[in-house]
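Undergrad: Sequence:
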Amino acid sequence: MNPTPQTAGDGDIAVNVSLTVPAQRRKPTKAVENRDFASFCRRIIRAHARRVAAGDVEALTDLINLSSALDEAINDAVRGLRAEPYVYSWAEIARRLGISKQAAQQRWGKP
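Going letter by letter, the sequence shown gives residues 216 to 326 in the numbering used here.
Since the hints were derived computationally from the structure, they do not count as laboratory data. Check before you lean on any hint, since a few could be wrong.
Stated by the list, open to error - Beta-carbon label-pair distances, calculated as ranges: (1) 234 x 266: 41 to 49 angstroms; (2) 310 x 261: 45 to 53 angstroms; (3) 300 x 258: 28 to 36 angstroms.
Glycine residues also receive a C-beta, built at the ideal position from the N, C-alpha and C atoms.
Construct the entire structure; sequences and hints are all you get.
TA: In structure tokens:
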């Protein structure tokens, strides 16, 4: 095996095929679990709050805007759970949130 790139006849660098890994043999990337991802988000928000509390009054608006972005993300998530191919019922969504299905419908149902 020769690890140095070899030039093709026209001066371009050719790929040394003996050193490449076929796609099916590549190590798959690990998917981030939703709970881990949510924990990461909470840590970031708490860190941002500490920065604001340490005297960065200008960043307070950014922190407030995160609240509206979270509300929008929750709306998108519920709409996604209610749509094809999942079509979770309001009762299933409400049960996971610890609220009544009527409350879930009132909050996230179509206006």
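Undergrad: Now, for every hint given, state plainly whether the structure supports it.
TA: Verification of the supplied hints:
The given range of 41 to 49 angstroms is respected by residue 234 and residue 266, whose C-beta atoms sit roughly 46 angstroms from each other. In this structure the hint that residue 310 and residue 261 lie 45 to 53 angstroms apart at CB is violated, the actual value being about 28 angstroms. The hint said 28 to 36 angstroms for the Cβ distance between residue 300 and residue 258, and at roughly 32 angstroms that hint holds.
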